[in-house]
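Asks: Chains as they are written, first to last, in the numbering used here: chain Z, 6 to 893; chain G, 2 to 111.
Hints are computed from structural coordinates only; laboratory data are not their basis. For glycine and all other residues, C-beta sits at the position ideal for the given N, C-alpha and C.
Chain Z is faced by these chain G residues, among others (derived, beta-carbon under 10 Å):
hint: 1; residue: K30
hint: 2; residue: Q32
hint: 3; residue: A33
hint: 4; residue: A43
hint: 5; residue: I45
hint: 6; residue: I48
hint: 7; residue: Y49
hint: 8; residue: R72
hint: 9; residue: R77
Far from chain Z by the CB rule (all over 10 Å, computed), these chain G residues:
hint: 10; residue: L97
hint: 11; residue: E105
hint: 12; residue: E106
A short list of chain Z residues far from chain G (calculated; beta carbon distances all over 10 Å):
hint: 13; residue: P13
hint: 14; residue: L206
hint: 15; residue: A239
hint: 16; residue: D297
hint: 17; residue: A330
hint: 18; residue: G373
hint: 19; residue: S448
hint: 20; residue: F467
hint: 21; residue: S795
hint: 22; residue: E852
hint: 23; residue: A861
hint: 24; residue: T865
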Amino acid sequence: MSTPESLPAWARLAVRLFVPASIRPEIEGDLIEGFLRHRRASGEVRARMWLVGQVVRLRPAALRDVEPWRRGEGMMDGMGVGWVGDVRQTLRSFKTRFGFTATVVTTVALAIGATTSVFTVVNGVLLRPLEFEEPDRLVLAWQTRPEWRDSPNAQLASFAEQFPLSVPTFADWQDARTSFESMGIYSGHRWVLQGEEGAELIRGLVLTSGVFSALGAQPLMGRAMQPDDDAAGAPPVVVLSHGLWRDRFGADPDIIGKSLSFDDLPRVVIAVMPEEFTVPGAGGEAWASLVDEEERSARDSQSYTVLGRLREGATVESARADLFAVQERLGAEYPVIQGDMRARVEGLLEHMVGDVRATLLFLLGAVGLVLAIACVNIANMLSVNGLSRSRELAVKSALGASRGQLVRLLFTESILLAGVGGALGIVLAVLGLPMLLDLLPPSIPRATEIGVDGRVVLFGLFATLSTAALVGVLPALQAAGTAPKQTIDATSRGMAGGRIGHRVRSALVMTEMALAFLLLVGAGLLGTSFYRMWNVDRGFEPAGLVMMAAAPDPRAYPEREEQDQFARDLRERLEAIPGVEVTRTNQIPFGGSSSTTSFYLDGDDGEEIEARLMISVVDHGYFDVLGIERLEGRVFDRNDVADGPRVAVANEALARELWPDGSAIGKTMRDRPDAPMTTIVGVVRDVRHSTLTRPAQPKLYVAAAQDRRSATQWVIRAERDPAGIVEDVRQAVSAVSPSTPVRTVGVLQDRISDSVAVPRFRTAFVLGLAVLATILALLGVYGVVSFVVSQRSKELAVRMAIGARPSEVVLRTIRGGLQLAFFGVLIGSLIAWRVSALLEEFLYDVEPVSLGAYGAVGATIALVAVLASWLPARRAARVDPVTVLKAD
Amino acid sequence: MPKAEHLGEFEQLALLAVMRLADEAYGAKIQAELEATAGRAAAISSIYITLTRMEKKGLVRSELGPPSEGRGGKPRRYFRIEPEGVEALQGSRAQLMAMWSGLEERLKQV
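Just chain Z, with the same shape it has in the complex:
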């Protein structure tokens, strides 16, 4: 028997289960009323039957749509409606608090978008496996020469870790291999391919079949390269890339078996590779078999890199140990050439991404910091917002909402905010990807692999969920601590949030400032470093210079005499371009080539001393055209002819190194013990040659007319825009010799700019992030100070009512902001100091721990804090005490 004025338990349960809480009270009331009416009229049994009919027809799905009443009636909001109800309620509250919601969502979207974008690049370049079977087993190997590691000569230093192999050495490695399933060698090569439209330069590799078998690559058409193709006396063959086949041969379906002239050597096309195929890390448009018979036996002709596939279970270390043993044996056998040679093995992917890995991870870390700042900021905003809603929450609590329900409600809110922001962020990252790819330096490896895949989306979701969790904890904890009575009372007295809440929020803002400090310091140091690098004294005037390389076609110009004629004709053509000056050399600064040679000079004790120098073969106009300053003596002129006395010009580094105490003028040296002596007639300024960061090496300029080395690189100084004459330069070459391809042509300034593309990108990126972080920190301080001011408006009003001047109120408020800034900067400095080593490898001419930078950034943050607290402070000072005090 049910008690009067209530439903039987089963009916109550059904109502609880099937009727949304928002309309449950009135429906339950109606059912009670109907039940009682039927009981009075027809008795207990009839009433129960009626009730069964009602419960059976409750139609819970349709009832769930019955909610519009709840709008504006909020007393029972969010109580026991479940997650769906929480979500709906939250979405509705977003509408009413549009500004707040939009700010939070935008912040999350930007932060998640930036983080996901950087991750997309990291994923494509570093994480995505190479598109080969079991790519982890692919390795590269070289010889090493440890004693060169500390050589001041950059080329030797780089050879210390990666010294190429000769064909005979490779044969020995292959015979002895234990850790390799298959291995091959390759070496970069350029051929002149003669065709109907003239000569074309083809870049590719000379390689052995082992490279293809290690990669496990099958041709699109034709047959794979076989070990027979590597054998001595085998007919020369070539494998074409898909791109070359399509662009140069119009995708000729009958290309297999045809013979092409590569540098005048006919090679039979045996295969065309699929479109996506490339030799990773080496590339090429064509891959040709090894045909140079001399190289097969020349142990001192070392120009090949090994690409191999490790056996199942073998590791880079085991492969290295194997090769080490082989190298020791070979060293004993051929002490002159291989005496000190050891070996090095490196994973293929690792090698490809080598230099970029650190930069990308650094950027990911930096963008992660911004995400962290954004999270802190949002947590703060939600926390402050939660407090301003504490009265609402307290009322809910008083009406019976459990703490769990309130926490759930607030957590739902955080998750929704982060979710919407995160989803937008992922969309932003996807849409912004083409823009980001444009910004990436061209030297980034595997740029074509960068794209959005499952892992990127997962990362975005993970970042979003972490954000939700991070930003949701604080407001939820706050709600959990809500005691209705105190809150309602406290709110009316304007003291909400309490001391602990205030401390937590202040700590958050300090964290934010510390993180912003880190980014700003990083950006400052990188910026300074880049500025110094870019403005380093290059030793010459690159603006207005065009560089071009064109080695005369050996068929048309087989002899030195004819090659000199080609140079004279080409010079004439080039000088015919209006407003230019022309010069030639064997290696242009930033032109990509740099080689060193041994020179010999008489030592004090009469013994000949060997010195390794960079040799620049230049004509008489070189120093003028490049704008290289003469310091001492003279430079070359037209009288320095082939049969005249041999003369040379030294750079400062050479003069300083060999003759630190006196003048270099008049000193003599020669490049072979039996050659005539060359006299140094002048000293010129140092010129940066390979990169802006590497100081000039000792360099000897020799006169082109007097040197047997060919000087086939041209530098043209244009009065007008250098880009405008590039085509004229190209045409000059084909006018002189249609069968001579132009190897490179371009504006020199662009080359220099490209050489610093990675540091520029890194700097610009971190700078952008730092600005973003500063804005976020500014918002953070502003938010907290505003809140504190609004909470203390009564106290401030009382102070002003009893005589405090508005300026005092402003100062007090700003002091609060500055306190936060001070501790933020303090924490930031400590962290910056601890992690400064991470930055070191990216810095040029800048110390990673710089008090100047710390100070400047600290001052910036203080300024931000002052600005962010000044606005609310001014507002506080303007309040009319009477209005505030009357408010209750």
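Once you've looked at the hints, dock chain G against the given chain Z.
Replies: Below, chain G alone, put in the same frame as chain Z:
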């Protein structure tokens, strides 16, 4: 003038009940009125679903009353018809009347 809402049969009954009950139009009373006057044993949920749908269309509005005696202290939700609701009822009535006109005599003949 916008086209008047087309009302379903149960919608008409519910609206008419709300009008007849005036200030006393809440769930249980509407249910009793439908049963007593129209002979319809409607489910309480159907009444809420239907009236809510019409509330969304602006034909009625509702308001939660204070906790009440005789129903376990639960509040009543009072419905009131809006001018649009009256208009819709009139439209439905006119439509029916038009269809009925001239049929009285024939009905007698059957």
